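Since the structure of chain Y is already known, use the hints to place chain X on it.
So you can see what is in the structure, the chains are spelled out below.
Number of protein chains: 2
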Amino acid sequence: MLDEIIINQLQAIVGKDNVLIGSVNLTTYSYDATADVPHAMPEVIVMPTSTAQVRKVVQLAAWKSIAIYPRGAGTNLSGGTIPLDHGIVLSLQKMDQIVEIDAENLTATVQPGVVIQDLNNAIAPFGLMYPPDPGTVTTATMGGSVAENSGGLRGLKYGVTKHYVMGMEVVLANGNSVRFGGKTVKNVTAYDFSSLFVGSEGTLGIIVEITCKLLPEPKFHKAMLAAFNVMEDAGKTVSDIIKAQVIPATLEIMDNMTIRTVEDFAHVGLPTDAAALLLIEVDGMAELVVAQEADAVIRIVEENHGSLHIANSDEERDNLWSARRAALPALASLNNTVVLEDATVPRSRVTDMLLALAEIGRKYRLVLGTFGHAGDGNLHPTILADKYNADEMSRVHQAVEEIFATALKLGGTLSGEHGIGIAKMRFLGNEIGDSGLELMQTIKNALDPTHMLNPGKLIPREEKTHVSR
Amino acid sequence: MLDEIIINQLQAIVGKDNVLIGSVNLTTYSYDATADVPHAMPEVIVMPTSTAQVRKVVQLAAWKSIAIYPRGAGTNLSGGTIPLDHGIVLSLQKMDQIVEIDAENLTATVQPGVVIQDLNNAIAPFGLMYPPDPGTVTTATMGGSVAENSGGLRGLKYGVTKHYVMGMEVVLANGNSVRFGGKTVKNVTAYDFSSLFVGSEGTLGIIVEITCKLLPEPKFHKAMLAAFNVMEDAGKTVSDIIKAQVIPATLEIMDNMTIRTVEDFAHVGLPTDAAALLLIEVDGMAELVVAQEADAVIRIVEENHGSLHIANSDEERDNLWSARRAALPALASLNNTVVLEDATVPRSRVTDMLLALAEIGRKYRLVLGTFGHAGDGNLHPTILADKYNADEMSRVHQAVEEIFATALKLGGTLSGEHGIGIAKMRFLGNEIGDSGLELMQTIKNALDPTHMLNPGKLIPREEKTHVSR
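In order, the protein sequences belong to chains Y and X. According to the numbering used here, the first sequence holds residues 14 to 482 in order. According to the numbering used here, the second sequence holds residues 14 to 482 in order.
Keep in mind that the hints were calculated from the coordinates and are not lab data. This structure is a prediction, so every number in the text was calculated from the model and none was measured. One should not assume that every hint holds.
No copy labels: a pair is met if it fits in one copy or bridges any two.
[To be verified] No more than 20 Å apart at the CA atoms, straight line, and that leaves these computed lysine to aspartate or glutamate pairs for EDC-like:
| hint | residue 1 | residue 2 |
| --- | --- | --- |
| 1 | Lys-107 | Asp-253 |
| 2 | Lys-29 | Glu-113 |
| 3 | Lys-232 | Glu-300 |
| 4 | Lys-256 | Asp-365 |
| 5 | Lys-232 | Glu-415 |
| 6 | Lys-422 | Asp-115 |
| 7 | Lys-232 | Asp-308 |
| 8 | Lys-29 | Glu-17 |
| 9 | Lys-226 | Asp-253 |
| 10 | Lys-69 | Asp-30 |
Just chain Y, same shape as in the assembly (with noise of 0.2 Å):
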C-alpha cells in the first residue's frame, strides 16, 4: 500500500474522484483479458483527465521509484496491463475526447481514452473510416490499440495500427512531454519515433494524443461464406486468391472445432460438418469491381471444391459477422482457461501451419481450436483447459512452445497483433536473437532508465532469459 501523503499527492494532481483504492477497485485493475497469466494487485488507480496531470503524475512517481502500468480498456491478450510490480495503474480512460476531425487532411486528432467504434462513429458522418479492426472494437481504446499495434479483420487490404498512426504526443519517463509527427503524408523530420512509440506496450513513454489517418469508407462490399470438406482445400483457396490478386478486405477461417462451438452458442445455421470456412468480404468504391473480384473468389472458391453461401443482404452480412465475433466467447464459454495464440506466418505458408496446428492438438491430447485471419497469416489457435488440472497445464504449455517455434519455422512471427507482454517474453529471444534482445534493452534502458513505465513487460528483466531453441 502506498504512503497516505502520496495518496495524497496524487489526488492533489488529478482530484479526489480520480484516485480510486480499496479492495475492490485494486482487484477489478489485478487483470485483463489474458488467461494464464499472473495477475498482481495495484496500490492505486489514478484516472488523470490531461496531459499536465500525466506528466506530473510521472515526475511524482520518478521521485518516489513507483512504477505506473498505464492502461486502457484492459482488453489485451498478453498480460500487458497487469501490475506485477503493484505501484499506480494508470488509466487513460477519462481523456476521451475527440480533439478534432480534420475531413480535408483525412485525419483524426484523439484523446488516448477514446473508444475505437466512438471515433468511427464520429467520423462516419463525413464518409470515412479508421480502418484498424480489433474484435474488441466497441471496448478497445485508440490508447491502448495503438500502444499494442492492434490488427484485426482488416489487416489483410487495409493493414494494421501502425499504418494509421501519422503523429502523437508522448509523456516520457523524464516527464517530458514531446510530440512527433502530424497531419502531413510525407514527414521525414527526426526519426520515426510514432512507429517506436506504436506497439511499444507502455514501456517507453505514455502516449497522450494520437494524430491517425482516415479513409474513404467503401461503399460497396459482398460478403460470403465458403464451407470446405477438407483443410488443405480451405488454405489453398487463401492462397490462389492472394496469387489471382484479389485482395479481399477480410478473409477469414475457422476450423471444425471452432464452428461446432460457435454453432452450439450462436445457433447460427453453421455447417457444423465442414473441416473448415472461410468468411470471405470484398469491398470498393466501385459496385463493377466488387462484382468482379466477389465472381473471381467465387469461382476460386469452386475450383478448389468449397460450397458457396453468398450474403444477399446487410442482415444476412451482419449475421456471417457476428458468428466470426462470437469465436472467442464461443469457445471461452467451454472451459475455465481460454489461452488464445497469435503465432502468424507469411500468408504462403497458412495451410502448412493450419496442419500443424491441428497435429500439436492431437499431440498433447487438447482441445484445440484454431480461426483467424487467414488472409494475412495471422492465426488464433485456441486452446480450452482446465486451470487446476495441472498436468493438463502442462500439456498445454508445451503445446504453445511447438505452436512458437512451428511458426518461427514456417518464416512468421511469435505474435501478429497480440503483443509480447508477459505471455511470450520468454520466447522473444527465440525469435530476435541475443542482439536483438539487447537491442531491446539498450531502447528500454535509454528512455526508461529506472524501468519505472510498465516493468516486467515485454523486455525481459534479465538479458538472456529466452528458451533455447
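Frame of chain Y; chain X shown alone:
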C-alpha cells in the same frame, strides 16, 4: 590520412580492389547531390561485399575511433553522405544482390546496393511493383532510399518508403548484426525497429539487407495535364480532387517559372503563359474505375477554369512525365547553385503555401520556382543563385529560413522527403522542440555512444542549437 596499417587492415577485410584512396577517388566521395552544404574529403572509401565484412569494418573503426559514413548512390538532397569528420566512406554499392523475389507473399529481399529501378525491372515479369518512386529512381539505391525514407511522385496514393519496409538486417555500432521484422503483414514482436532505422540517415546503424512489400502493378492509367491562369485555381483543383475522394497516383504541380524553364530546356510544348500546371495520373486495376476517376478529375479541372490536355497514348504519357522529371535538371541548368527545398504542408494548405512561396521569392529578390507533389503537400521551392554572390546567398538563407517557418506555421514539416542531414539540422528544434531534440540525442547516444556513425548529421552535435522562431 589514415595510418597505412589501418588501410592494410581494411584491405584484408574487403580485398584490395574494394579500398579506394588517392585524391581523385577521395574527391569523388567528398560531396553528394546537395547544393550549398560544405564538402569534406574522406580518408578512404571501403566497398564491402558482405554483411560479415561490414561488421569487421565497423569493429575496426570502433576500435580505432574512426568515423564511418555509409553511402549508397549519393543522390540525397540534405548533405546526408558528406564525410564531415573525414574517416571512412562505406559504400554499399557492391552489395547489390536481389536475394529473393517471393511473388506469393508479395515481398522482395534485397541487399542495400540494389538500384530501385533494377528491383522494379526484376519484379515486373511477376506483375509487381515497388511503389516508392523518388525522382532519382534510376540511380538511387534501396539502402540509401530506406535510410532517407524516400518519398517521390506516388506518395499521395501509395505512401513512402517506410510503408514498404517489412524487415531488415542492420549492423549496429557495437558490431552486432540484428534482424527484425519479416514477411508477415502483422508483426508485433519487439519494438518496431525497422521503422526506427527507416529514415535514420545512417546515424543508428548500417542497413545490410531489406525485406520490402510489393504491390500488384496497376493495369490501367490515365495521365492528364491541366493548365491554369491563376495559381489559386490550381490549388483549389488539388483540394477539390481530394475532397471528391479521388486519390490519383500522382498529382504534381509546376509554377510559371518552372514551366518556362522546363520548356526552354526540353521543348515539350508546355503552355509557357500558364500560372501553374497540374500533372495528374489516375491508375487502378479496373478500366472502368480509372475512366470514372479520370472523368471526375476532368470535371473538377473544368470547374476551376483549367484547360486540359489528356495523354491518349503511352508516348504522350511518357512525354508528360519527362517534362515533370526535367524540372530539376532544367532549373539546375540556370545557375551554379540550386537550393532545392521540400518543406511540406497538410494538403489542405497547399494553396496557402504556394502563394507564400511566391511572396518569399519577391521579398528576397530571388529566382524562386516551385514544383512538386501537390497532392501530398510536399512542394519543392527551388532557388537559383550564384554561390559567388555573397549578398544573394545571404538572401537565399533568409528565404529558406522563412520557407521553413511558413511550413511549420501551416501545420507542416521541415522536410517531407529529403531528410535533415546537414542542411536542416539547425532548424530541427523549431519543429520538435527541446524535448524532441533531447529524445533524438538519447536514442543516438544509446545506439551509437561514440557518435561514430555518420557524425554531424540529423542530430545537432550540441543540444539546443536550434534557431529561435
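Right, here's what the structure says about each hint:
| no. | hint | verdict |
| --- | --- | --- |
| 1 | Lys-107 / Asp-253 | neither (46 Å within a copy, 37 Å between copies) |
| 2 | Lys-29 / Glu-113 | neither (29 Å within a copy, 60 Å between copies) |
| 3 | Lys-232 / Glu-300 | both (8 Å within a copy, 18 Å between copies) |
| 4 | Lys-256 / Asp-365 | within (17 Å within a copy, 45 Å between copies) |
| 5 | Lys-232 / Glu-415 | neither (43 Å within a copy, 43 Å between copies) |
| 6 | Lys-422 / Asp-115 | between (44 Å within a copy, 17 Å between copies) |
| 7 | Lys-232 / Asp-308 | both (18 Å within a copy, 19 Å between copies) |
| 8 | Lys-29 / Glu-17 | within (13 Å within a copy, 71 Å between copies) |
| 9 | Lys-226 / Asp-253 | between (31 Å within a copy, 19 Å between copies) |
| 10 | Lys-69 / Asp-30 | within (17 Å within a copy, 60 Å between copies) |
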